[in-house]
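*Asks:* The primary structure of each chain is shown beneath.
2 protein chains.
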Amino acid sequence: MVDYVKVMHDDLRRFTAECFIKFGVPKDDAEVIADHLVLANLRGVDSHGVVRIPHYIEGIKKGFVNATSNTKVVKESQAITIIDGGNGLGIPIANKATDIVISKCKAVGIAAVGVRNLGHVGMLAYYTMKMTKSNLIGLAVVNAPSRVAPWGGGEPVFGTNPISIAFPTRGKPIVIDMATSAIAAFKIRLAAMKGEKIPEGIALTKDGRPTTDPKEAYEGVLLPFGGYKGYALSLAIEVLAGILPGGLLSRYVISHASTQGGFFALAIDPVAFRDYSEYLNDIDKLISVLKTCKPAQGFKEVLLPGEPEDRTYEDRIRNGIPIDLSTWKLLTDVANELNVKLPKVI
Amino acid sequence: MVDYVKVMHDDLRRFTAECFIKFGVPKDDAEVIADHLVLANLRGVDSHGVVRIPHYIEGIKKGFVNATSNTKVVKESQAITIIDGGNGLGIPIANKATDIVISKCKAVGIAAVGVRNLGHVGMLAYYTMKMTKSNLIGLAVVNAPSRVAPWGGGEPVFGTNPISIAFPTRGKPIVIDMATSAIAAFKIRLAAMKGEKIPEGIALTKDGRPTTDPKEAYEGVLLPFGGYKGYALSLAIEVLAGILPGGLLSRYVISHASTQGGFFALAIDPVAFRDYSEYLNDIDKLISVLKTCKPAQGFKEVLLPGEPEDRTYEDRIRNGIPIDLSTWKLLTDVANELNVKLPKVI
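So the sequences go chain by chain: A and B.
Start counting the first sequence at 0; every next residue gets the next number (numbering that gives the first Met the number 0).
Start counting the second sequence at 0; every next residue gets the next number (numbering that gives the first Met the number 0).
Derived from the structure by calculation, the hints contain no laboratory data.
A hint or two may mislead.
All copies of an identical chain are treated as equivalent in the list; a pair is satisfied when it fits inside any one copy or across any two copies.
To be verified - Each computed DSS-like pair below joins lysine-lysine, with the alpha-carbon atoms no more than 25 Å apart:
#, residue 1, residue 2
1, Lys205, Lys299
2, Lys105, Lys74
3, Lys26, Lys284
4, Lys290, Lys205
5, Lys171, Lys95
6, Lys26, Lys71
7, Lys186, Lys95
8, Lys5, Lys71
9, Lys284, Lys74
10, Lys328, Lys193
11, Lys293, Lys205
12, Lys214, Lys293
13, Lys5, Lys186
14, Lys205, Lys284
15, Lys328, Lys5
16, Lys132, Lys26
Construct the complete structure from the given sequences, taking the supplied hints into account.
*Replies:* Written out as structure tokens, the structure is:
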């Protein structure tokens, strides 16, 4: 049984942009959102792909985010920028913030940007990969509606607080992008739908008791990945993304798929440290050490961070993007409501 | 049975400095090393305390590190500094690098320093805590002799590649300091000595097979903490600390307790982002959320990163530092060899 339809990326991008334009989002912003969501689908990060269209639109309807953003730079120096996003859709705002941090980093060698008061910024790798296109090392973090307990705690304090770090190479960039929770919330929902158990050590019931029941976990709280170490990282991200830009703690962010806490990005120019070709040579050496590393029992090969997503990208850019039927139903509803032509099923 | 002796911190500091001075280390450097190692013991981080004295001295004897460092700034701009440590003892060099990054950060709002070619830098929290004393957010990472496999790999590629991040607060700083390996190498040695098993999922045999036997693990390879996420962090640290300053990949670092790969530190001035008292207010709020969080089953309270070390510090600064008898034996040998008076046992 095929439980998905397939569409081509350019058609899906056209559809996505049209939806947001019809809904009052400025054309440039809509096109950035479309580029972003479709790139997430192309890379296999479907949780941050076009499934977000109806959620973002619902967020606008409910007043959680604004279709048009009134973005303001509230503080600025040669290497640091603080932006108030005016509660606009997060992706175009974080995209502009990334352009700013790239430009300042090229001048100073290192730069950072903090954004408060913005909607969901999507897949962080979008921004760090953009930095690598300018030959910079990129880091991006966000806080988010609280779902994750601190180590030893039984209540949600942090969002899934993801981190992305990307390094330019001679080939495709090395791209890290991961939540600091032990599991993504949507995987728990999926396990509940399928009647499967979830692994031990990743979630607690609402009474703070360990559970492998996805329903109890969904009503309860997620745990940080890697125990107290993941907790520590989650806390660091809470300060960098939530506090430093003057935004909200995760605890006070409205829980919705269109919302976010704050956004923090940092860029480092390898050229400020050493000759760029020497940097690239050493990166090549590291890649070679990893790709020739003898696999552990049960593994076929060592993968670089981002390599699984690159492989999915290569497949989907040629052969189309599969959209699961429940997401397709949501997109069909949006298409009907806004009178936008659905992408052609291939 | 008491299997340790207790000494007072000031006496231990005097002893440590005298050992290094006798061994030809300049007085200022010896005093920084003494301050550093004794602070590690005070905080309960005994693996990075005075147990290192004989190892550092052995490293000098074997020519792995130099007693006097010929440190050179090889590249510099307003926010970035690259230092070649001339293969000197790591602690005084990393300490000077930290002073530089603090001073540049105060001017620019963000700054970084990379050091290649230096010995073991000890406990990273020493440097990040120093940054918090200047009201800065501090980050420090190092790579190190290879002991840790990448996710999916069966051979050592990375060092334990630790990371420290510290945040200034109105009280004691929040101090993260953790290896990106699932376990510290010395804990495996300890389990082997005691005939205990080690937990699953933290080490492989030399054939790349999972093991809970500490002897097999010691001959084999450690795993990153938190699976592929810890691997990703370890890789990021390898680039920042090893490659960016033009140093060695972990794989090429001589395996000895006196050696290190490269050192990378980054400082961020909260004042470049917002009013400092507003930053501190929000940190207070976050601390309050964490300290009032309902504990999970089996836990008494939520601890902040660095809080266990702070508690040990408060005890040991008053009541003395316990030194286990095998370390005491090593220190006695050093004292006899160098004709330095041992600290008084209290």
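*Asks:* Against the structure, test the hints numbered earlier, and report the numbers of the ones violated in rising order.
*Replies:* Per hint list: 3, 7 and 8 violated.
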